[in-house]
Every structure is written in C-alpha cells, then in structure tokens.
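A.B. asks: Sequence:
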Amino acid sequence: MKNSRAAADGTLVAKPAAFGAAPVSTPAEKRKPRKAAKNAAPGHRKPLKQRIAENWQLYLLLLIPVIITIVYKYGPMYGIQIAFRDFKASRGITGSEWVGLEWFEEFFSSPNCGRMIKNTVLLSLYSLLWSFPVPIILALALNQLRFHKLKRVVQTVLYAPHFISTMIICGMLRIFLSPSGGLINLIFGTSIDFLNQSTLFRTIYVASGIWQEAGWGTIIYLATLSSVDTALYEAAKVDGASVFQRILHIDLPALVPMAVLQLILSASNLMNIGFEKVFLLQTDLNKATSDIIAVYVYEQGIQHAEYSYSTAIGLFNTAVNIILLIIVSRIAKKASDVQFV
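Heads up: the sequence shown begins at 1 in full-length UniProt numbering, then just goes up one per residue.
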C-alpha cells in the first residue's frame with residue numbers, strides 16, 4: 001500500500017505525505033476524538049449567573065413587574081381564607097373563627113342567587129357573541145381600503161370612544177335615552193324610558209360596549225394583517241381570485257391565531273362583567289336583568305361590611321372563570337385547526 005508501512009506489530013502506519021500530495025487519513029478506529037468546542041453544542045445554555053451578568057439591564061426591567069405582581073396580585077391572596085372564616089376586624093384574619101363552607105351555603109340558598117348567576121352569564125355571553133366578531137369584520141373591511149388618508153380617518157373615528165371613561169359613556173346614554181328630550185325619542189317621536197325597561201338593558205349594555213371597544217380591538221387585527229406577505233395577494237390576483245376569495249383564503253387564516261388568543265382572554269373574564277357600567281346604569285326597575293354578581297359583591301362587601309360573605313362569592317366567581325378558561329382553551333385549540341375552503 002502506498003504512503004504506508006508495516007509496523008512491528010503488523011499494523012499500518014501512515015507515512016508523511018509528499019509536498020503537494022493529498023494527506024492520507026488513518027482508519028476511523030485509530031483516530032483520536034476531537035475535543036468539543038466550548039459552547040458549541042446546539043442545546044448548550046449559559047449558566048444563569050452569566051446570563052444575568054451579560055443582560056443585567058433586561059433582568060432589572062423584568063424585576064419591576066415581577067415585584068408589582070407578587071405584591072399586588074399574589075400578596076392579597078392571603079386574605080382569601082376569610083371566605084372560610086367569620087371575619088372580625090378586631091380579631092384579624094387568623095384570629096377569626098373558622099366556619100368552613102357556611103358563606104357559600106348561604107349564597108347558594110339565597111333567593112337571588114339563581115337570578116344573579118343567570119344575569120351574569122347571559123350578559124357576558126351576549127357581550128362576547130356580539131362584540132367578538134365586530135373587530136374582525138372591521139379589520140377585514142379596513143384592510144381593503146386603498147385610500148390611506150380615508151383609512152386613518154376611519155380608524156381614528158372608530159377607536160376614539162375607547163378613551164372615553166365609563167362614567168361619561170353612562171352619562172351620554174342617560175341623556176340620549178331620556179324619555180323627555182332624549183335624542184332617540186326626539187328622532188322617532190316617542191317617549192320610551194329605555195333604561196327603566198329590564199328587557200332593553202342587555203341590548204343597551206352590549207350595543208354601547210361595541211361602540212366603545214370595537215375600534216380598539218380592530219387595531220390588533222389590523223396589525224396582524226399588516227404582517228401578511230403582500231406576495232400572497234399578488235399571486236392570488238394573478239390566479240384571478242376575487243376580493244372575497246382573498247379574504248377567505250389569506251386574511252382569515254392569518255387572523256385565526258390572534259382570534260383564538262383574544263377568545264381565550266375574553267373567556268377568562270367571562271364572569272367578570274364590567275361592574276362600573278352595570279352599577280351606573282342600574283335602576284330599581286331594570287334589576288330583573290341588571291342584578292349581577294359583581295354588583296351584589298359590592299353591595300354586601302362595601303355597603304353592608306359583610307367581608308367574609310362577599311369574599312366567598314368572589315371566590316366562587318373566580319373558580320367559575322378558571323373552569324370556563326380551561327374549557328374554552330381546549331375548544332379554541334381544536335377550532336384553530338379548521339381550514340377555510
């Protein structure tokens with residue numbers, strides 16, 4: 001064999017190659033393994049101390065919201081135990097008598113329990129079902145506008161109500177819907193007392209919520225559509241796709257992940273219907289549909305100082321939210337696999 005010689009033990013040993021000749025490699029079993037380069041492994045991670053030292057500014061910024069969350073979110077959870085105690089301020093939380101599920105039993109046995117749960121669920125579902133698709137429809141429509149100045153004006157008009165406070169919104173509703181001199185009654189020549197009719201309360205609540213928040217939600221979906229590759233639209237036009245077909249096969253699939261995320265976030269607060277708006281629009285005559293859990297908790301906890309009772313109701317409300325969040329999250333994951341054809 002060229003470029004090799006036999007050793008005393010019979011093994012082959014490579015001779016030095018001549019100048020300019022290709023080097024001859026030794027058999028694989030005779031090669032010495034190379035030392036792995038430092039940090040060359042694809043799954044290698046630097047130690048935590050080293051990462052903190054290199055990016056201490058980012059970790060410092062992260063530390064602020066973590067502290068705020070721990071202090072103001074997890075810290076107050078220590079007081080959840082008063083839902084199982086007969087809380088007396090003079091005795092403190094741990095010094096108050098343990099009563100177990102007594103407050104939960106009292107709430108479920110109260111005559112208004114069923115009505116409050118029903119009103120809360122129905123008002124939340126109506127708000128979700130009617131307000132959820134509106135921002136998507138508006139985003140799809142605005143995305144088709146080619147006049148950028150008109151598009152900006154429409155966007156501004158749509159999301160401006162988001163910056164109006166809830167109290168001002170409720171004041172506007174009381175003025176517009178007033179039976180004497182209200183704008184709606186002047187237009188139609190009627191004298192209907194809208195806010196004192198329990199059958200109209202949910203419609204007023206949902207419609208005003210759509211007007212206030214639909215434009216703000218549209219921004220999120222427009223930002224998602226702006227990330228879609230324009231080459232897809234050009235290719236669809238070349239293939240002769242209509243506007244509706246481009247929306248169906250390009251825009252809607254792009255919006256599905258964001259829509260699923262928004263649905264999950266909305267479902268997590270399904271039972272936490274806006275307290276301020278309901279409280280400000282509530283009257284004695286519309287309580288049949290406006291009496292919800294959040295308002296009842298306020299009345300019992302703040303007005304009547306029933307801290308343990310109101311905490312138990314709030315804890316029940318939170319438990320229902322967690323269950324709904326898990327259910328909707330699983331449904332949304334399955335629904336996200338739907339293909340638009």
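Think of the hints as simulated: they come from the structure by calculation, not from any bench.
A couple of the hints might just be wrong.
[Claimed, not checked] Derived CB-CB ranges, DEER-like:
1. 330 to 193: 15 to 21 Å
2. 223 to 149: 52 to 58 Å
3. 211 to 60: 51 to 57 Å
4. 190 to 227: 47 to 53 Å
5. 148 to 284: 47 to 53 Å
6. 150 to 272: 33 to 39 Å
7. 92 to 62: 32 to 38 Å
8. 245 to 60: 48 to 54 Å
9. 330 to 243: 30 to 36 Å
10. 70 to 239: 20 to 26 Å
11. 227 to 67: 38 to 44 Å
12. 303 to 261: 36 to 42 Å
13. 69 to 45: 45 to 51 Å
14. 59 to 94: 34 to 40 Å
The beta carbon of each residue, even a glycine, is placed where N, CA and C say it ideally should be.
A.B. asks: Each hint: holds or not?
C.D. replies: Consistency of the hints with the structure:
no.	hint	result
1	330 to 193: 15 to 21 Å	violated (44 Å)
2	223 to 149: 52 to 58 Å	violated (19 Å)
3	211 to 60: 51 to 57 Å	violated (42 Å)
4	190 to 227: 47 to 53 Å	holds (48 Å)
5	148 to 284: 47 to 53 Å	holds (51 Å)
6	150 to 272: 33 to 39 Å	holds (37 Å)
7	92 to 62: 32 to 38 Å	holds (35 Å)
8	245 to 60: 48 to 54 Å	holds (50 Å)
9	330 to 243: 30 to 36 Å	holds (35 Å)
10	70 to 239: 20 to 26 Å	violated (54 Å)
11	227 to 67: 38 to 44 Å	violated (33 Å)
12	303 to 261: 36 to 42 Å	holds (38 Å)
13	69 to 45: 45 to 51 Å	violated (25 Å)
14	59 to 94: 34 to 40 Å	holds (36 Å)
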